[in-house]
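Undergrad: Residue numbers (the numbering used here), protein chains in the order written: chain C, 1 to 92; chain P, 93 to 184.
Everything labelled a hint here was simulated from the structure, so no lab data went into it. Ideal Cβ positions, reconstructed from N, Cα and C, are used throughout, including at glycine. One should not assume that every hint holds.
Stated by the list, open to error - Stretch by stretch, here's where chain C covers chain P in the computed footprint (C-beta under 8 Å, at least three residues):
1) 95 to 103
2) 106 to 118
3) 139 to 151
4) 165 to 172
Unchecked claim - The calculated DSS-like cross-link candidates involving lysine-lysine, where the alpha carbons are at most 25 Å apart (straight line), are:
5) P:Lys128 / P:Lys113
6) P:Lys128 / C:Lys10
7) C:Lys51 / P:Lys102
8) C:Lys10 / P:Lys113
9) P:Lys113 / C:Lys21
10) P:Lys119 / C:Lys21
11) C:Lys21 / C:Lys10
12) C:Lys21 / P:Lys143
13) C:Lys21 / C:Lys44
2 protein chains.
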Amino acid sequence: MEPLDELRTKIDDIDNAIIAKLAERFKITNQVGEYKAANNLPAKDTDREAKQYQRITELALQHDLDPAFAEAFLAVVIERVIQNHEEIAQNS
Amino acid sequence: MEPLDELRTKIDDIDNAIIAKLAERFKITNQVGEYKAANNLPAKDTDREAKQYQRITELALQHDLDPAFAEAFLAVVIERVIQNHEEIAQNS
Numbered sequence: 001m002e003p004l005d006e007l008r009t010k011i012d013d014i015d016n017a018i019i020a021k022l023a024e025r026f027k028i029t030n031q032v033g034e035y036k037a038a039n040n041l042p043a044k045d046t047d048r049e050a051k052q053y054q055r056i057t058e059l060a061l062q063h064d065l066d067p068a069f070a071e072a073f074l075a076v077v078i079e080r081v082i083q084n085h086e087e088i089a090q091n092s
Numbered sequence: 093m094e095p096l097d098e099l100r101t102k103i104d105d106i107d108n109a110i111i112a113k114l115a116e117r118f119k120i121t122n123q124v125g126e127y128k129a130a131n132n133l134p135a136k137d138t139d140r141e142a143k144q145y146q147r148i149t150e151l152a153l154q155h156d157l158d159p160a161f162a163e164a165f166l167a168v169v170i171e172r173v174i175q176n177h178e179e180i181a182q183n184s
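Given these sequences and hints, build the entire structure.
TA: Dropping the structure here:
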């Protein structure tokens, strides 16, 4: 196999794993959304978010990943989570 | 444990796994960057990207994840990968 193809196969395998994890993550955050809707809790929780950004920064540093990238990734995920929470609340 | 705390622990565990996978992914894409720089190949490869978007859409559908979200995620990752490739080429 060409060196580039070999590396790309590894990248594709990682993407398989990340997509599976992201799907699992949204299934759990949707359970959070159901819980919040049932208990009249707001979709957005600033304290929880602050802790998540703190955690992701530390995790990124541990793994030698740019913390700014990790934070940008988390922002995209949280934005979608809140949107899902709002939809769940509206439909409940 | 409160139901919300229990769900949040699961989410944090998933984030640990995703960050580890992202870090691993950039280590491999940096190897791709080194290979491209050594062989005078361009940082951006439109054919490869088209295949990656096709793959990620299929993966998302398999995992019941919104394909638009998966594509947005891949776009953020690829943007950073190309930036890294360009830096590697400039420094080689």
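Undergrad: All hints are to be evaluated individually against the structure, with a verdict given for each.
TA: Structure-based check of all given hints:
Under the rule that three or more residues need a Cβ within less than 8 Å of chain C, the assignment of the stretch 95 to 103 of chain P holds, with 6 such residues. Counting residues of the stretch 106 to 118 of chain P whose C-beta sits closer than 8 Å to any C-beta of chain C gives 13, which meets the bar of three, so the coverage hint holds. Counting residues of the stretch 139 to 151 of chain P whose beta carbon lies closer than 8 Å to any beta carbon of chain C gives 5, which meets the minimum of three for the stated coverage. Check on the stretch 165 to 172 of chain P: 4 of its residues sit with their Cβ under 8 Å from a Cβ of chain C, so the three-residue criterion for coverage holds.
Of the pairs offered as hints, the one joining Lys128 (chain P) and Lys113 (chain P) holds, with about 22 Å between alpha carbons and a cut-off of 25 Å not exceeded. Under the criterion of a C-alpha separation no larger than 25 Å, the hint pairing Lys128 (chain P) with Lys10 (chain C) is consistent with the structure, at around 17 Å. Annotation: proposed proximity of Lys51 (chain C) to Lys102 (chain P) holds, straight-line Cα distance about 15 Å (limit 25 Å). The straight-line distance between the Cα atoms of Lys10 (chain C) and Lys113 (chain P) is roughly 11 Å, inside the 25 Å bound, and the hint therefore holds.
Between the alpha carbons of Lys113 (chain P) and Lys21 (chain C) the distance comes to roughly 10 Å, so the proposed pair stays at or under 25 Å and holds. As the CA atoms of Lys119 (chain P) and Lys21 (chain C) are separated by approximately 19 Å, the hinted pair is consistent with the 25 Å bound. Between the alpha carbons of Lys21 (chain C) and Lys10 (chain C) the distance comes to roughly 17 Å, so the proposed pair stays at or under 25 Å and holds. About 21 Å separates the Cα atoms of Lys21 (chain C) and Lys143 (chain P), which keeps this hinted pair within 25 Å; it holds.
Between the alpha carbons of Lys21 (chain C) and Lys44 (chain C) the distance comes to roughly 22 Å, so the proposed pair stays at or under 25 Å and holds.
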